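Dock chain B against chain A, hints included.
Protein chains: 2
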Amino acid sequence: MLEDKNPQRTSLEKLGEFGLIDHLTKNFEIKHKSTLKGIGDDAAVFDHKQQTVLTTDFLIEGVHFDLSYMPLKHLGYKAVMVNLSDVYAMNAKATQITVSLAVSNRFPLEALEELYAGIALASKVYNVDLIGGDTTTSTSGMLISITAVGEAKKEEITYRSGAKPNDLLVVSGDLGAAYMGLQVLEREKEVFKVNPNNQPDLSPYSYIVERQLKPEARKDIAELLKQLDVLPTAMIDISDGLSSEILHLCKNSKVGCNLFEEKIPLDPTVITTCEEFNIDSTMVALSGGEDYELLFTIAQNDFDKIKGNPNLTVIGHMTEPSEGAHLVTRANTKIELTAQGWNSFKSND
Amino acid sequence: MLEDKNPQRTSLEKLGEFGLIDHLTKNFEIKHKSTLKGIGDDAAVFDHKQQTVLTTDFLIEGVHFDLSYMPLKHLGYKAVMVNLSDVYAMNAKATQITVSLAVSNRFPLEALEELYAGIALASKVYNVDLIGGDTTTSTSGMLISITAVGEAKKEEITYRSGAKPNDLLVVSGDLGAAYMGLQVLEREKEVFKVNPNNQPDLSPYSYIVERQLKPEARKDIAELLKQLDVLPTAMIDISDGLSSEILHLCKNSKVGCNLFEEKIPLDPTVITTCEEFNIDSTMVALSGGEDYELLFTIAQNDFDKIKGNPNLTVIGHMTEPSEGAHLVTRANTKIELTAQGWNSFKSND
Chain A
1 MLEDKNPQRT SLEKLGEFGL IDHLTKNFEI KHKSTLKGIG DDAAVFDHKQ QTVLTTDFLI
61 EGVHFDLSYM PLKHLGYKAV MVNLSDVYAM NAKATQITVS LAVSNRFPLE ALEELYAGIA
121 LASKVYNVDL IGGDTTTSTS GMLISITAVG EAKKEEITYR SGAKPNDLLV VSGDLGAAYM
181 GLQVLEREKE VFKVNPNNQP DLSPYSYIVE RQLKPEARKD IAELLKQLDV LPTAMIDISD
241 GLSSEILHLC KNSKVGCNLF EEKIPLDPTV ITTCEEFNID STMVALSGGE DYELLFTIAQ
301 NDFDKIKGNP NLTVIGHMTE PSEGAHLVTR ANTKIELTAQ GWNSFKSND
Chain B
1 MLEDKNPQRT SLEKLGEFGL IDHLTKNFEI KHKSTLKGIG DDAAVFDHKQ QTVLTTDFLI
61 EGVHFDLSYM PLKHLGYKAV MVNLSDVYAM NAKATQITVS LAVSNRFPLE ALEELYAGIA
121 LASKVYNVDL IGGDTTTSTS GMLISITAVG EAKKEEITYR SGAKPNDLLV VSGDLGAAYM
181 GLQVLEREKE VFKVNPNNQP DLSPYSYIVE RQLKPEARKD IAELLKQLDV LPTAMIDISD
241 GLSSEILHLC KNSKVGCNLF EEKIPLDPTV ITTCEEFNID STMVALSGGE DYELLFTIAQ
301 NDFDKIKGNP NLTVIGHMTE PSEGAHLVTR ANTKIELTAQ GWNSFKSND
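Residue numbers (the UniProt record's numbering), protein chains in the order written: chain A, 1 to 349; chain B, 1 to 349.
Cβ-to-Cβ under 10 Å is the rule here; a few derived chain A residues that face chain B:
| # | residue |
| --- | --- |
| 1 | Asp47 |
| 2 | Asp57 |
| 3 | Asp86 |
| 4 | Val99 |
| 5 | Ile131 |
| 6 | Thr135 |
| 7 | Ser140 |
| 8 | Ser145 |
| 9 | Asp240 |
| 10 | Ser244 |
Derived from the structure by calculation, the hints contain no laboratory data.
Because the structure is a prediction, the values reported are computed rather than measured.
We put the beta carbon where it would ideally sit given N, CA and C, even for glycine.
Looking at chain A on its own, in the form it has when it is part of the complex (with noise of 0.2 Å):
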């Protein structure tokens, strides 16, 4: 689908390991005090005067991105969105990552070049520092794993095991379009294999095709709930799912949860989408993943501080333990919560 218009190819083994880091990272910044030392030591050294939080995790080509219709800029920025948004569903601000990347001989050093640009966007946008990493070979694709670290006052870190029963469960943004993009870019795939010359029309699928691409962590929501004066009173991000972020509030926090199905915030564009693939919405949200929306609880005397905002949505609330966790439906039916999430050890993937 994307044709390689770069007739420039320069071979990794030229530059050497050395040689790529400092080509690839020649042009970030240092924007951090805390920041005391970035590359080019044996170790990153900073200086937080709060607690720190740290995240990490793997993006694997042919698990988790598909180059076939993931172009490299958007790549490296949504590898810093995915550890970003585990940063702020701690209530923390975002301040340095480290970029480990080990490739196939197989790209130039123009597609990583491609690839750092899309990083140093993220970077500059989110107002992170760039301060280590390793670069390697691979035996096969791009890997590429990333460390997220953030800075936040002791009595603000909001954890998954904080909800109390009553309180309410809250979204930020709207759920499953990244999951529907996915399956419309998978469908201009193989309709690409049949015939190469057709151009596909993803106007029409623009907003879910781009939060597939170029998601964008919630670093407003903390902004915005600081503003707001709201402390959630536990939080986590929604990378594999509703359904199963909600099941990992209750199960940390000891609580239940009743989610009605009707408040769960939907993009027009997904609903017409699910029509046309004829999947159900609400399986979608609930099990899509890869949304980077915020999930998370509040005490209801907080409620007339958030009620309104277009950015957050009510969604249900947590009952006792015994209560269990369930999804009310349309028809008021109850249906328990599973966790239908992303399993990346199944075989049938």
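Quick look at chain B alone, frame taken from chain A:
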């Protein structure tokens, strides 16, 4: 060379990603007061009272290790060592690690249990907390990405950049053993391919084979230097070979160096094995890599404090940058040092 003596094979698919993490990490204890949250939330949380150092390294099957002679428990141990070595090279105390693992479905659960047994042993012996990671499938082979963090007082952190002309160049332990251990293992692998019934006698090579398969990071050196009241002016760990690391110190500190061939510490097994393989032992020390010893510079005034210590050898001294970096051979000729260290992107590796 290694038989599968364990007939039990539990597929990873059965457990799923979360079940797998829970299972593999259930016996890890949190030992540090600074670790506030380990595995089980969107991010780990820690609180360092001093500055934080952070380093990350990839280990990739077929590039960095060969499972035909690397037992999985040793691999887990070594993967931790590789990272802790970078923390100690900053003169910091290692405190926390994350371990991310990508494995193909060909590995049964029991293999990963072995790997984690090695990680657990390393964590215990080196007193670090496992606080997070990611576990996913790979399209081929096994990949390990570890991030290690440590803590140090601002004034104690040793960068690569602090060496001055006339500082002494000091190395811990001895060099070249890990590389020669690898040569022996590779030779035995070839013998095994021809005759699988041949039982190799590795006992004459036990020191060098152990240095390859189960290296130890030099936690003790930072402690020793503190006892001796010596603060290195610059420090680096030897992962790519002495020559490459000296050039890093020279470049970062803007100094030159004279390294004396006759001073390079070699174990007798390295010397005899080099003779057997008809390889020059100095070349092995200069370019072999994977020694995980510490290379550092000290002020001449500090010489009396380290003199005669069996763990430390003065191998040269730093010079004005205009003099360049040279090896002074036993025949008293000067040869310019060049980085012959490992380039993983070379296609003929």
